[in-house]
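Listed below, chain by chain, are the residues.
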Amino acid sequence: MTGPVATSTTGATTAAPAGHLAAQARALVAIGRQSVRSALAVRSEVLVSGVAVLVRVVLVILVWRAVYGSTPEVVGVDRSTAVAYAVLGAVFTNVLNPFWRSSLEVRVRQGRIAVDLLRPVGLVPQTLAQQVGTTAAAVPRCVLAVLLALVIGALQAPAGGVLGLLAFAVSTVLGVAVALLCNLVVAMTAFWTLEVGGALMVYRAVAQFASGALIPLWFMPGWLRGTLEWLPFQAQVFTPLSVYFGTVRGWDAVGAVAVQALWVVLLALLAQLVWSRALHRVVVQGG
Amino acid sequence: MIRAEGLVKEFTRPVRRTGPLAGVRSLLTRERVTTRAVDGVSFTVDRGELVGYLGPNGAGKSTTIKMLTGVLVPTAGTVEVDGRVPWRDRTRNARGIGVVFGQRTQLWHDLPLRDSFELVAKLYGLDQPDYQRALGRFTELLDLHEFLDTPVRGLSLGQRMRGDLTAAMLYGPPLLYLDEPTVGLDVVAKARIREFVAETNAVDGTTVVLTTHDLVDVERLCRRVLLIDHGQVLYDGDLAALRRRYVPYRDLVVTLAREDDGPLVAPPGTTVVERPRSARDTARVVVFRFDPAQTPTPAVVAAVTAEHEVVDLDVTDPDLEAVIAEIYSSGRVRA
Numbered sequence: 001m002t003g004p005v006a007t008s009t010t011g012a013t014t015a016a017p018a019g020h021l022a023a024q025a026r027a028l029v030a031i032g033r034q035s036v037r038s039a040l041a042v043r044s045e046v047l048v049s050g051v052a053v054l055v056r057v058v059l060v061i062l063v064w065r066a067v068y069g070s071t072p073e074v075v076g077v078d079r080s081t082a083v084a085y086a087v088l089g090a091v092f093t094n095v096l097n098p099f100w101r102s103s104l105e106v107r108v109r110q111g112r113i114a115v116d117l118l119r120p121v122g123l124v125p126q127t128l129a130q131q132v133g134t135t136a137a138a139v140p141r142c143v144l145a146v147l148l149a150l151v152i153g154a155l156q157a158p159a160g161g162v163l164g165l166l167a168f169a170v171s172t173v174l175g176v177a178v179a180l181l182c183n184l185v186v187a188m189t190a191f192w193t194l195e196v197g198g199a200l201m202v203y204r205a206v207a208q209f210a211s212g213a214l215i216p217l218w219f220m221p222g223w224l225r226g227t228l229e230w231l232p233f234q235a236q237v238f239t240p241l242s243v244y245f246g247t248v249r250g251w252d253a254v255g256a257v258a259v260q261a262l263w264v265v266l267l268a269l270l271a272q273l274v275w276s277r278a279l280h281r282v283v284v285q286g287g
Numbered sequence: 001m002i003r004a005e006g007l008v009k010e011f012t013r014p015v016r017r018t019g020p021l022a023g024v025r026s027l028l029t030r031e032r033v034t035t036r037a038v039d040g041v042s043f044t045v046d047r048g049e050l051v052g053y054l055g056p057n058g059a060g061k062s063t064t065i066k067m068l069t070g071v072l073v074p075t076a077g078t079v080e081v082d083g084r085v086p087w088r089d090r091t092r093n094a095r096g097i098g099v100v101f102g103q104r105t106q107l108w109h110d111l112p113l114r115d116s117f118e119l120v121a122k123l124y125g126l127d128q129p130d131y132q133r134a135l136g137r138f139t140e141l142l143d144l145h146e147f148l149d150t151p152v153r154g155l156s157l158g159q160r161m162r163g164d165l166t167a168a169m170l171y172g173p174p175l176l177y178l179d180e181p182t183v184g185l186d187v188v189a190k191a192r193i194r195e196f197v198a199e200t201n202a203v204d205g206t207t208v209v210l211t212t213h214d215l216v217d218v219e220r221l222c223r224r225v226l227l228i229d230h231g232q233v234l235y236d237g238d239l240a241a242l243r244r245r246y247v248p249y250r251d252l253v254v255t256l257a258r259e260d261d262g263p264l265v266a267p268p269g270t271t272v273v274e275r276p277r278s279a280r281d282t283a284r285v286v287v288f289r290f291d292p293a294q295t296p297t298p299a300v301v302a303a304v305t306a307e308h309e310v311v312d313l314d315v316t317d318p319d320l321e322a323v324i325a326e327i328y329s330s331g332r333v334r335a
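Line by line, the protein sequences are chains A and B. So the first sequence is numbered by the working numbering: it starts at 1 and just counts up by one. So the second sequence is numbered by the working numbering: it starts at 1 and just counts up by one.
Keep in mind the hints are simulated off the structure, nothing from the lab. There may be inaccurate statements among the hints.
One-sided excerpt, in silico: chain A residues whose CB lies under 8 Å from chain B [said to hold, decoys possible]: (1) A23; (2) S38; (3) R112; (4) L118; (5) H280.
We treat Cβ as the ideally placed atom computed from N, Cα and C, and that holds for glycine.
Isolated chain A, as found in the complex (with noise of 0.2 Å):
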């Protein structure tokens, strides 16, 4: 047996590294698309979270123009921008669904994580697979609520016209991955405690209030601003959206998104650092 087995793993270290990416990159396409058909499989699943969704933004409408009421501007911020935020950050927290619900929190308390050990495929660049699958299922339905906002008029079209509704984009995609990298790494804290809902839960208490996805941040005092801008969470929803309204515009933008990329760049790196960690600490529950 010694003779196959030394060419194998010969040929397996020298043989194409590169083939060897395209196949995990084709899996991992695989995977997000099977997330995205699980996502949207069950109808009324669909149509309820639409629902769901469309009614916040218009309570959050009506919440925001009473609160400000006849008073044209609260701390430099005038009464259509901070609906309007309000609208964008509604459809933010639901797009940001890992938010509530992690892939990786819900296998490994079910025991399932040992189904994506056998897979062909590392555990971190699959379960993003998964999230980004998820992610991309809730994003017709986000489409759906902005097209409601601009039609009655609570939302305008993005500052910095073609230019930055790109920006825009741009910054969303950071956004999105950051968001989903932070609740990666916390979700796997449950290799080591096997209980991970309070600390998502208190993560995401956090996290909706400090990415100012439930109030702007330039509600917030001097202070906690200057806390909140050395911590990943408002590149999860504060620079999107301070690039849509053009409170950050030019270099600045190109600087708010710049910090978004170091972002994603640190916490993946992070993530793969914690589960080289937790790769001895793999407990599968239930038999």
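Since chain A is already given, all that's left is putting chain B on it; use the hints.
Just chain B now, with coordinates in the frame of chain A:
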């Protein structure tokens, strides 16, 4: 194909407190308990073998399988599958093995069965013609036609298991791990799965490691068994030899034509075993017990039928279940 040496797996968890404020104290405690699920297991499996891996609940079977498949990292000891260390080379090892966990599924709950197969084909880099050929073959063998396009959540347990077997075998892995593949299935479904496993082993030469609680699975499929309990190997070897060690006899059960057939004559090498007459017996039933290694079965049959007028006869082997039950309860295998 598989070489395991001194495999150990320990699980550590914080001590659970009882009494007042148990929850808080459990959270704060630094005291930990360690349980040893697998305690120095060694064995090898050759290419093409079909090995039964048996043990009572909690014996360490599934933990061993998870170390062999690369899901768990052993606490100590070494394991090599086809020359690779499964957990260190997880993704490459994954390409060469198929795994079915009877208690969980790799299929996508909300999607048609076919979609799960297509994903498997892409994950393992199967091209379209190969995929179609394999799918066609398994559809035929496991009779999947009716439910290929049914969402997995709508499948019966037996159908789901056939789906899981297909998903595990689609890419033709040379090594197949089956962890309780017949658990909870009806008689027909079990028979179908057994037939499939036997064929896969015989025709494709797939090496199979089978854990099960169903001894019929073992009798139909395995020549060799590995028995473990409390994380240690109790027996590794031939199933027939194990049976002989416990019950070195075979019974010839004879229904006599007449109640008063005169005195019973036991042929040489046999003894007559009294069997209490049950309500089901419509005639006199006599049991001749003999050692098939000493006295060939045909000789006993010939001798008995020469002496007595017989309306029915049946040759029975002692119950494997009784053998296993004794090993489990005594915790060791007789020398």
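Outcome of the hint check:
no.: 1; hint: A23; in the structure: holds, 5 Å
no.: 2; hint: S38; in the structure: holds, 5 Å
no.: 3; hint: R112; in the structure: holds, 6 Å
no.: 4; hint: L118; in the structure: holds, 5 Å
no.: 5; hint: H280; in the structure: holds, 5 Å
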